[in-house]
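Top line first, the protein sequences correspond to chains A and B.
Counting from 1, one number per residue, gives the positions in the first sequence under this note's numbering.
Counting from 212, one number per residue, gives the positions in the second sequence under this note's numbering.
Source of the hints: derived by calculation from the structure; they are not laboratory data.
Small disclaimer: the values here were computed from a predicted structure and weren't measured.
We put the CB at the ideal spot given by N, CA and C, even for glycine.
Take the hints with a grain of salt, since some may be wrong.
To be verified - Each computed EDC-like pair below joins lysine to aspartate or glutamate, with the alpha-carbon atoms no more than 20 Å apart:
1) 147(A) to 63(A)
2) 284(B) to 294(B)
3) 284(B) to 81(A)
4) 284(B) to 274(B)
5) 358(B) to 274(B)
6) 157(A) to 139(A)
7) 73(A) to 294(B)
8) 157(A) to 145(A)
9) 358(B) to 265(B)
10) 73(A) to 292(B)
11) 368(B) to 353(B)
12) 73(A) to 291(B)
13) 284(B) to 83(A)
14) 358(B) to 376(B)
15) 358(B) to 377(B)
16) 368(B) to 394(B)
17) 358(B) to 257(B)
18) 284(B) to 80(A)
Said to hold, decoys possible - With the Cβ distance kept under 8 Å, some of the chain B side facing chain A (calculated, not the full set):
19) 269
20) 281
21) 302
22) 303
23) 306
24) 307
2 protein chains.
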Amino acid sequence: MRASHQLSTGAGEALNGIGATERLAEQGFVVWFTGLSGSGKSTLTEALAPVLTDRGRRVEVLDGDVVRTNLSKGLGFSREDRDTNILRIGFVANLLARNGVAVITATISPYRATRDANRHLIEGDGSVFIEAHVAATFEECEARDVKGLYAEARAGKRTMFTGLDDPYEEPLRPEVVIPSGTELLDASLDRVVRFLEQAGLLQPIHAGVSP
Amino acid sequence: MRASHQLSTGAGEALNGIGATERLAEQGFVVWFTGLSGSGKSTLTEALAPVLTDRGRRVEVLDGDVVRTNLSKGLGFSREDRDTNILRIGFVANLLARNGVAVITATISPYRATRDANRHLIEGDGSVFIEAHVAATFEECEARDVKGLYAEARAGKRTMFTGLDDPYEEPLRPEVVIPSGTELLDASLDRVVRFLEQAGLLQPIHAGVSP
Numbered sequence: 001m002r003a004s005h006q007l008s009t010g011a012g013e014a015l016n017g018i019g020a021t022e023r024l025a026e027q028g029f030v031v032w033f034t035g036l037s038g039s040g041k042s043t044l045t046e047a048l049a050p051v052l053t054d055r056g057r058r059v060e061v062l063d064g065d066v067v068r069t070n071l072s073k074g075l076g077f078s079r080e081d082r083d084t085n086i087l088r089i090g091f092v093a094n095l096l097a098r099n100g101v102a103v104i105t106a107t108i109s110p111y112r113a114t115r116d117a118n119r120h121l122i123e124g125d126g127s128v129f130i131e132a133h134v135a136a137t138f139e140e141c142e143a144r145d146v147k148g149l150y151a152e153a154r155a156g157k158r159t160m161f162t163g164l165d166d167p168y169e170e171p172l173r174p175e176v177v178i179p180s181g182t183e184l185l186d187a188s189l190d191r192v193v194r195f196l197e198q199a200g201l202l203q204p205i206h207a208g209v210s211p
Numbered sequence: 212m213r214a215s216h217q218l219s220t221g222a223g224e225a226l227n228g229i230g231a232t233e234r235l236a237e238q239g240f241v242v243w244f245t246g247l248s249g250s251g252k253s254t255l256t257e258a259l260a261p262v263l264t265d266r267g268r269r270v271e272v273l274d275g276d277v278v279r280t281n282l283s284k285g286l287g288f289s290r291e292d293r294d295t296n297i298l299r300i301g302f303v304a305n306l307l308a309r310n311g312v313a314v315i316t317a318t319i320s321p322y323r324a325t326r327d328a329n330r331h332l333i334e335g336d337g338s339v340f341i342e343a344h345v346a347a348t349f350e351e352c353e354a355r356d357v358k359g360l361y362a363e364a365r366a367g368k369r370t371m372f373t374g375l376d377d378p379y380e381e382p383l384r385p386e387v388v389i390p391s392g393t394e395l396l397d398a399s400l401d402r403v404v405r406f407l408e409q410a411g412l413l414q415p416i417h418a419g420v421s422p
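Okay, chain A solo, but in the shape it has when bound (with noise of 0.2 Å):
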């Protein structure tokens, strides 16, 4: 919990409302989510990112297939591939919330020392990384198998394939652990945006308002 001395109380918020308002626009951040493919990554991304620009942020999604068509086109799946991919994505999430940007990434992002290195170059330019697991186990993601991309592993149509015959390394110290094999949708997002309330990184909804 790295960002656990931006904890606010909330007291004395009201005293100066617009002007926390202000600050809390200017703090860039990085909200990673990592986990098995069909663990739930892109699915809280689409019901985080309404949250963020309601709360007047500036929001940006880089998730895989985005990146992949505009900055990794001709990128596979080796170990080296799929470094140079997360590592791109660390670059321009970084460009953008040293901007103030709130960004909101979804990617496997299987590589721990991968992860590590975004999080080192965000953090050294001043932004806050949110590491947020989405931690449904690989027997929890197969049983779904949304895409049918479990079922090709297995039958052997695809290969580095993680959590099969390419690692998922866990996050040791995730700042935010989504038990997402068996929770509901609202229940894992409430998990984040508490947190980002909780580090001072998202205004609460009725800040100023309660006695």
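We have chain A already, so just place chain B on it with the hints.
Just chain B now, with coordinates in the frame of chain A:
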């Protein structure tokens, strides 16, 4: 001069100085320097960036080297690879500009259709695209040859060299033309700054102070 409808005489600016400043700070734009190798794009970029920062803008520079390292490693100088590189820069420039950033790019970007594709993307998302032709001629650039690249190209040690065995397609309707082969840097910089001021994208230094 696509941005000319935003020209302002300055009249009335003193009446709403702060409001105007805030509005200006929101409008993202991209100054897209294009021109031959050695024409002065990077020098102009380095001179322009601190001026924009001093006038209260968030600024990001996307120059060829930074991008080739972080976004386009592995790409060469074939037409297809150059296009991919330039379109990636346009993609990132657009993400930044639509979040209010003043972006400066410094690349040869030799192909007209590719520059126009970026203009289309960036204008389509509500930002202003300023094509700034750094127009030192091939002969002027070769005579200076600061990095020795022209000599290498003449000696056959470099192929796909813009202006020699790869075309440079001059802008047809650039917002700014900079005769960088015959003009001092200060005068060139002044051309760009005045354009941005007149287009309403940059606060004049003494706005609201003059009678």
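Verification of the hints:
With a C-alpha separation of about 16 Å, the suggested pair residue 147(A) and residue 63(A) falls inside the 20 Å cut-off, and the hint holds. At most 20 Å may separate the alpha-carbon atoms for a hinted pair to count; residue 284(B) and residue 294(B) meet this at roughly 14 Å. The suggested pairing of residue 284(B) with residue 81(A) holds, with an alpha-carbon distance near 11 Å, which does not exceed 20 Å. Distance restraint check for residue 284(B) and residue 274(B): the Cα-Cα separation of roughly 14 Å lies within the 20 Å cut-off, and the hinted pair is therefore satisfied.
The straight-line distance between the Cα atoms of residue 358(B) and residue 274(B) is roughly 16 Å, inside the 20 Å bound, and the hint therefore holds. Straight-line distance between C-alpha atoms of residue 157(A) and residue 139(A) comes to about 19 Å, which keeps the hinted pair within the 20 Å bound. Distance hint between residue 73(A) and residue 294(B) is fulfilled; the C-alpha atoms sit about 12 Å from each other, no more than 20 Å. A distance of roughly 15 Å separates the Cα atoms of residue 157(A) and residue 145(A); the hinted pair therefore holds under the 20 Å criterion.
Between residue 358(B) and residue 265(B) the CA atoms are separated by roughly 30 Å; this puts the pair beyond 20 Å, and the hint is violated. With a C-alpha separation of about 11 Å, the suggested pair residue 73(A) and residue 292(B) falls inside the 20 Å cut-off, and the hint holds. Annotation: proposed proximity of residue 368(B) to residue 353(B) holds, straight-line Cα distance about 15 Å (limit 20 Å). Only pairs whose Cα atoms come within 20 Å are accepted, and residue 73(A) paired with residue 291(B) is accepted, the gap being roughly 12 Å.
At roughly 12 Å between alpha-carbon atoms, residue 284(B) and residue 83(A) fall within 20 Å of each other, so this suggested pair holds. Taking the CA atoms of residue 358(B) and residue 376(B), the gap is near 18 Å; set against the 20 Å cutoff, the hint holds. Proposed proximity of residue 358(B) and residue 377(B) is supported: the alpha carbons are some 19 Å apart, at most 20 Å. The straight-line distance between the Cα atoms of residue 368(B) and residue 394(B) is roughly 31 Å, outside the 20 Å bound, and the hint therefore fails.
Of the pairs offered as hints, the one joining residue 358(B) and residue 257(B) holds, with about 17 Å between alpha carbons and a cut-off of 20 Å not exceeded. For the proposed pair residue 284(B) and residue 80(A), the alpha carbon gap of about 12 Å is at most 20 Å, so the pair holds. Residue-level restraint check for residue 269(B) holds (minimum Cβ-Cβ distance to chain A is 5 Å; threshold 8 Å). Here the hint on residue 281(B) is kept, as its CB sits about 5 Å from the closest CB of chain A, short of 8 Å.
Using the Cβ-Cβ criterion of 8 Å, the hint placing residue 302(B) at the interface with chain A is satisfied: the shortest such distance is roughly 5 Å. Here the hint on residue 303(B) is kept, as its CB sits about 6 Å from the closest CB of chain A, short of 8 Å. Interface hint at residue 306(B): satisfied, since its Cβ lies 6 Å from the closest Cβ of chain A, which is below the 8 Å cut-off. Nearest Cβ of chain A to the Cβ of residue 307(B): about 6 Å, under the 8 Å cut. The hint holds.
When each numbered hint is compared with the structure, violations occur for hints 9, 16.
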